[in-house]
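Number of protein chains: 2
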Amino acid sequence: MIVGIIGLGLIGGSMAIDLKRRGFAQTILGVENDPVNSEAALKMGLADEVLPLEDCVRRSDIIVVAVPVGAAVKMLPMILDMFTQEGYEGKIVIDTCSTKSQIVRSVHYHPMRGRYVATHPMAGTEYSGPWAAMPNLFDGRACIFANSEESSPQAVKVVEEMYDVLNMRPIFMNADSHDVHTAYVSHISHVTSFALALTVLDKEQDEKHIFDLASGGFSSTVRLAKSSSDMWVPILTQNRDNVLHVIDTYLDKMKEFREAIANYDEEKIRDLIHEANRIKKILR
Amino acid sequence: MIVGIIGLGLIGGSMAIDLKRRGFAQTILGVENDPVNSEAALKMGLADEVLPLEDCVRRSDIIVVAVPVGAAVKMLPMILDMFTQEGYEGKIVIDTCSTKSQIVRSVHYHPMRGRYVATHPMAGTEYSGPWAAMPNLFDGRACIFANSEESSPQAVKVVEEMYDVLNMRPIFMNADSHDVHTAYVSHISHVTSFALALTVLDKEQDEKHIFDLASGGFSSTVRLAKSSSDMWVPILTQNRDNVLHVIDTYLDKMKEFREAIANYDEEKIRDLIHEANRIKKILR
Numbered sequence: 004m005i006v007g008i009i010g011l012g013l014i015g016g017s018m019a020i021d022l023k024r025r026g027f028a029q030t031i032l033g034v035e036n037d038p039v040n041s042e043a044a045l046k047m048g049l050a051d052e053v054l055p056l057e058d059c060v061r062r063s064d065i066i067v068v069a070v071p072v073g074a075a076v077k078m079l080p081m082i083l084d085m086f087t088q089e090g091y092e093g094k095i096v097i098d099t100c101s102t103k104s105q106i107v108r109s110v111h112y113h114p115m116r117g118r119y120v121a122t123h124p125m126a127g128t129e130y131s132g133p134w135a136a137m138p139n140l141f142d143g144r145a146c147i148f149a150n151s152e153e154s155s156p157q158a159v160k161v162v163e164e165m166y167d168v169l170n171m172r173p174i175f176m177n178a179d180s181h182d183v184h185t186a187y188v189s190h191i192s193h194v195t196s197f198a199l200a201l202t203v204l205d206k207e208q209d210e211k212h213i214f215d216l217a218s219g220g221f222s223s224t225v226r227l228a229k230s231s232s233d234m235w236v237p238i239l240t241q242n243r244d245n246v247l248h249v250i251d252t253y254l255d256k257m258k259e260f261r262e263a264i265a266n267y268d269e270e271k272i273r274d275l276i277h278e279a280n281r282i283k284k285i286l287r
Numbered sequence: 004m005i006v007g008i009i010g011l012g013l014i015g016g017s018m019a020i021d022l023k024r025r026g027f028a029q030t031i032l033g034v035e036n037d038p039v040n041s042e043a044a045l046k047m048g049l050a051d052e053v054l055p056l057e058d059c060v061r062r063s064d065i066i067v068v069a070v071p072v073g074a075a076v077k078m079l080p081m082i083l084d085m086f087t088q089e090g091y092e093g094k095i096v097i098d099t100c101s102t103k104s105q106i107v108r109s110v111h112y113h114p115m116r117g118r119y120v121a122t123h124p125m126a127g128t129e130y131s132g133p134w135a136a137m138p139n140l141f142d143g144r145a146c147i148f149a150n151s152e153e154s155s156p157q158a159v160k161v162v163e164e165m166y167d168v169l170n171m172r173p174i175f176m177n178a179d180s181h182d183v184h185t186a187y188v189s190h191i192s193h194v195t196s197f198a199l200a201l202t203v204l205d206k207e208q209d210e211k212h213i214f215d216l217a218s219g220g221f222s223s224t225v226r227l228a229k230s231s232s233d234m235w236v237p238i239l240t241q242n243r244d245n246v247l248h249v250i251d252t253y254l255d256k257m258k259e260f261r262e263a264i265a266n267y268d269e270e271k272i273r274d275l276i277h278e279a280n281r282i283k284k285i286l287r
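Those protein sequence lines, which keep their order, are chains A and B.
The numbering of the first sequence is our numbering, which starts it at 4 and goes up by one.
The numbering of the second sequence is our numbering, which starts it at 4 and goes up by one.
Treat each hint with caution, since some may be false.
If chains are identical, the list can't say which one is meant, so a pair holds when it fits in one copy or spans any two.
[What the hints assert, rightly or not] Below, a list of computed lysine-lysine pairs in the DSSO-like style, where the Cα atoms sit at most 27 angstroms apart: (1) Lys46 - Lys23; (2) Lys284 - Lys23; (3) Lys283 - Lys229; (4) Lys271 - Lys284; (5) Lys258 - Lys211; (6) Lys271 - Lys229; (7) Lys258 - Lys271.
Just so you know, these hints were derived from the structure itself, not from any lab.
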């Protein structure tokens, strides 16, 4: 199998590593617009070749679109357009983006829609670029297949096999439901981390040594604030309505806490913490 | 040296392990009100004996008060009262609490004030109880000495030696400044994690499988929501004014984000994320 990967960053690069060494891909063809990233990806051996998009699509059996969702939404219809050409039969394209409703809508009526499989491998770190790529990133995590009934069963089967090689658990759901879920378990965490970083960085203006005191708990909570704007600006705007809804619920909870603390209401603070502690049963 | 540790939980228990095996303490005497914890601590070898508070103070050279700050504020004057007795000369008491202003104020005029050293070892995890105690917890972290000019130089010297054995970097500051700093780099992180847990747990009522999708980022952000109410209720109320101030700054940042997302203002979202990304330079 020849796998073409558009975007050799954290997700694309990590896929490249495991698909190649686990034997699913004989060849990895990469597309990378940024020349610095491109050189790094080749040096690191993430791809056998880096080449223009058109050549990559022409020569690959599966094309993985692993770029920020704003760019992916523009790229996907172009790739499906190429699939109408002779000699492109049987090719499959997938994306790996963190929001699914808009991208799935964008090609809903495309004649080649069946050859596209919308996926979201739920794995990552706060780092980006080819340097962030790592082996085993996906092992044991969930991979969402969104609106898979719009894809051909044959295409879904091949993509399932690919994610099986990455040791991911497939979960099937519709794109809208996916975007609600990820607003809760991923997008809000990023917004709260960004806001926390901004809060403490503001204070640093006056207190140069404030970070000397930061312990592991702070680092953990603020870790996602290192995440790249290229990735997160389109996620937050594409999933605007869901994200706003979760932010509003979250702000209500913060205000409840604030009021309890303001009133020295120990009973209420204790109740809120006990309720929050239920997270223990859920997280490993 | 005989070290008495009141409260053989995460902090007290971890101190016991390293002070003993690194040779600073020949004997660890423990005080533990909870019989289950007491039995566990003995089984785990955290203390050589568990005994009543009075006996522990009488027999120890250094007494470490490692209980939630609400209890510590009541206990500390009692221990200093005991120091006025004959045969108690040279004993030192320290606390390890996360808020310092109130506890330091509570004994400011005590005739034995010099024999108390207010400290805050900035280390921990989200777990509590003797089961949470672990070796090397403090290595490389900062330890705050608050208002150390109110302690006798001799007492400070002994306590510095003790924290040196725990491989901690001493930082000297006044108690009020400590409480401002910790509101920023520790207390707010706990409140945001609790609120995040509450937000997602609410949603779980309707969506049983929402946590199937939670990735490492979510776990990291919400980790502190496992923290115990016994520890956090008194911290949040004792440090009320600072915590409220930081919560308000934080709410402003959240609202700025909310507005930018609501307006699809990609420029503004990008700016906020870039600004938050500065945290990269600060956190390892």
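Verification of the hints:
no. : hint            : result
1   : Lys46 - Lys23   : within (16 angstroms within a copy, 50 angstroms between copies)
2   : Lys284 - Lys23  : neither (37 angstroms within a copy, 34 angstroms between copies)
3   : Lys283 - Lys229 : both (26 angstroms within a copy, 6 angstroms between copies)
4   : Lys271 - Lys284 : within (22 angstroms within a copy, 38 angstroms between copies)
5   : Lys258 - Lys211 : between (29 angstroms within a copy, 26 angstroms between copies)
6   : Lys271 - Lys229 : between (34 angstroms within a copy, 17 angstroms between copies)
7   : Lys258 - Lys271 : both (13 angstroms within a copy, 25 angstroms between copies)
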